[in-house]
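Chemist: Chains as they are written, first to last, in my numbering: chain Z, 11 to 318; chain R, 317 to 630; chain D, 805 to 1230.
Derived from the structure by calculation, the hints contain no laboratory data. Careful: at least some of the hints might be erroneous.
As the list claims (entries may be wrong) - Coverage of chain R stretches by chain D, computed from C-beta distances (three or more under 8 Å per stretch; other residues unrestricted):
| hint | segment |
| --- | --- |
| 1 | 342-355 |
| 2 | 438-445 |
| 3 | 477-485 |
| 4 | 502-509 |
| 5 | 540-552 |
Keep in mind the model is a prediction, meaning the values are calculated, not measured. Backbone N, C-alpha and C fix where the C-beta goes; we use that ideal spot for every residue, glycine too.
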Amino acid sequence: MEFGPHLMLAILEGAVGASVLALTALGLSLVFGVMRVVNVAHGEFFMLGAVVAWFVANSIAGHPAIGFLAALAIAPLIAGAVAMLVDRLILKNVAYDPEATIVGTIGVLYILQQSALMIYGPEARPVEPPFSHRIALPWVEWGENGLAFFYPWGLSITSYKLFVIVAAIAILLAFWLVMSRTRLGLIMRATQMDRETALAFGIPVQRVYSIVFGFGAALAALAAVLIVPIQQAHYLMGHDPLLLSFIVVIIGGLGSVRGTIVAALLIGMSDGIISVFLSPTLSKIIATLLVALVLVFRPQGLFGKKMA
Amino acid sequence: MNLDARSVALHLGLIAVLIVLGFVLPTYHQGNLARILVLATYAVGYNVLFGYTGLLSLGHAMFFAAGMYGCGMAMHLGGLTVIPAFVIGLICAAALSAVVALLALRTIGVAFMIVTLMFAQSVYLTALYLGEWTGGDEGFVIAQATRQIAGYALTEPLTRYFAALTLFAVALLITARMMQMSFGRVLIGVRENEERTRMLGYDVFRHKLGAVIISGTIAGAAGAGYAVLFGYVGATFASVQYSIFPLLWVLLGGMGTTIGPLIGVAFMFYLIDYASGVTNAYMLIAGAALVLLTLFARAGIVGEIRNRWVPWLP
Amino acid sequence: MTKALKTTRRTLLKGAGAGGLLAASPLLGRFASAQSAAPIKIGFQQHSTGIGAAYGRWYGRTTEAALKMINDAGGINGRPVEIIAEDDGTDPKRGAEVVEKFSNQHGCDVAYGTLFSHVVIGSAPAAGEQKIPYFVVSEGHHVASGALNRYTLQPGITDVKSQVQAMAPYVSENLGKKVTMIFPDFAFGHDHRDFFTAAIEAQGGEVLEHIAVPPSETSFTKYFPKIPRETEVLYHVMVGPAVLTFVKELGEFFGPSSPAIFGFIDSLEAVDLASPGLEFLEGTYFWEGNPRYAQADQTEYDKAYRAAVGVDENGASVSDPSDVSTYAHMFGCWETLHIIKAGMEAADYQGPDDRQKLIEAVEAMTDMPESMEHPQGPKLFNGKTHQVFGVQYISRVENGRLVKVHTTSIDDTLYPDEVDYTTQSF
């Protein structure tokens, strides 16, 4: 394939991955920003969302869109509820101590993974997309008769992949509205900025923490429902989303929604774009090192405030 | 006894107990303990940075792997004998930790975690990329016949056990001694209050640099030890999982305690070993155990013992 | 078991090695008769968790079925056989620990079962040190390459080098000579890359491009533009949980204008061919270790084997049609257990002290005709390289089913020996 179409394909594919990554990372960023704890089980809530989506889609007969829509509603609720339970039973009881939270959430990770293996099984199972058409994409070229359109071999995307990008943008906008325009958002932001003052102003910090933890998990689950018609639900699928969203949150700058989205785009797209020029694994190595160097020379992240 | 004498007695006592265990344990548990001691060496190295200096690294697998590949490839491809290969492993780990430290120490806190994580990911991917020499994910076997020192076969259970114990004892004693010297005290100062330590006139960066190199080199020694004693080198050991393990072991055993790492490794090893004998769903048991420990022994096993009963534990 | 007993036995073994087996044999005989009613214990290293769990589950079912058949027929040397399964977590470190556990804790006679190459290679040193025969069902080239040791054998499944080179003649004659290969960028993929490239060149073909996909990748389309336009045959092989995404995205990329596609069924092992998005596979070709769908010329052996394991004629579980088996690989468990039985009977195996005799007995094996013990097809075992060679199948997707179109000969799979394990001491 020629350079131009190849690059365009890499960017489009990167955008799909980046959309899902942005949602997952936003969930982690919220938890990390407000509660100051590392939730190692975040990827497992992503996995939970995908697995629940499979169960929901498979128990509802009829057009695949019905099952998919039901999964979009149910999976985040279940993941959120499980997360709130984890918050109440574990995190609250260790007073959100950072180290204890790491060990505790590793424990939760094992429990969720093993439960999924026993109930759902070791296979990777697909969820049928609500719709999926191959859309061949045109490319322009300067020829003898001026600008000409043509359809390069292989340059295409599916309608469902485009939908994922659009849906992620819509959810991000909704998230931004909630955070900036509602009372809940105000309370979360206040708790994030200064827990002590928030307490003094009568904000029920404990309840905010529960909601934030549940909300973060629900975002991860929502991202998983979006991706599961493209990738499959598998009990070990939480591993990469955890690492990548963790990286995205820090690179973007703690507490910065804008930074999280930019970092998700950067990380979601960089290895694909570099692989236009180099072999895939080498691209991944270089992309990883480049992103690490961003942080080395800008330790507060792209959009973070300078830390003391 | 004063505090230092007590801690010397504790460490020498622990080593004495481990020597006796080498002779009395059944073969199976003797073999397990040899593995535990090598992994505990890794955890001891991790603890230097995490427990004492307060820097949480998520990339220590790269140092473990540097030691493992440095030593393993020197034997497998270079045909060296155990001792020189082991030294090459140490040099590789020390060099990698120096480079990583110079870059990563520009950051602190969560940024340090991520930078180390990502460097380790690139090391892991590089091990796969250079599959022609590293064997990629499959790794390679170090020939059984070459795994001997001066005619003593490291594949013989008792010899292997004492080689592992030596590795562990040296790492334990070095770190214990270090923490009694001013260098170690400055590290604790950095952990407790970096700014104040700097104002007292200490060169914080150089101390942190030293801590990363010592920590990384001990981790590399464990990796080289694993390669030599168990005969296998593979990219799994460079994966992120093996960066999270030492964090988990140290937290379980008790961060900032000298014997915590060993206790943490042994606890986790036998938890999985026994639970997997009881049920196929042993990860459920392991997960529940971790949650319970979080709830009821937040300072880790040794940390909790120190808090409740034995306040002088080093 | 006490330490004292173990030490004595180890010393005994050393004595036997130094002074010849004969000197120790009266002792061995007594030991055997004291234990003769006790079961023969086979340690089964199983991928119950981790990345190999889908394979591990079916390896487990096949193992149980073979065990039942062996025990129903009177066990081995008149003794019942017991399988002791331990999860290796698809991890080489745990794999080695499990082999030691079999040998020192469970008192197993042999260890058996692993699939993933890194677990085999990680565990083999432990098997060599424990001097416990280690029968792997991995299809890796590690055994025959000489990288392992005399205690490690692969008598139940053909290795990847044989599989791959046996495909080249059919591919170049029927599908095309200009090939592009897509494979995972780790050792298993590199075996495909190296061996197929050499084999297709020997047939007068060429590989235009090698596309190595990084491990644990979940999105593949971005790599497909590297496929050159003049490609006649696309050769694909992928492993791991993302295989279905890989194949689906391949179809979406090509749309209506694709080259001929030849894949290893590993790309869709344990995946339903009727999954949404796989329609484009109609008319494409697959290597199969053992045909997943019951064929028109199905042998009585395959029929009985299928029934014993609980697989229907579509290659799925009889109790759950959506639970697709790893049919192309798991026959290796069945055949390996029968080879352990045959080897133990030939060696008159009585207990762990006869382990060397067992290995020598297996090394002496050659022809294995198609039979109830070898339902996948006839095989030829090479005692020097510890590796078996067997027929391979090529199937074409027709009406959503894999239909066998070609069976290779055993000769197609042979290559010169790379090692002679029989010259190594025990």
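Chemist: What are the numbers of the hints that this structure violates, sorted from low to high?
Modeler: 3 and 4
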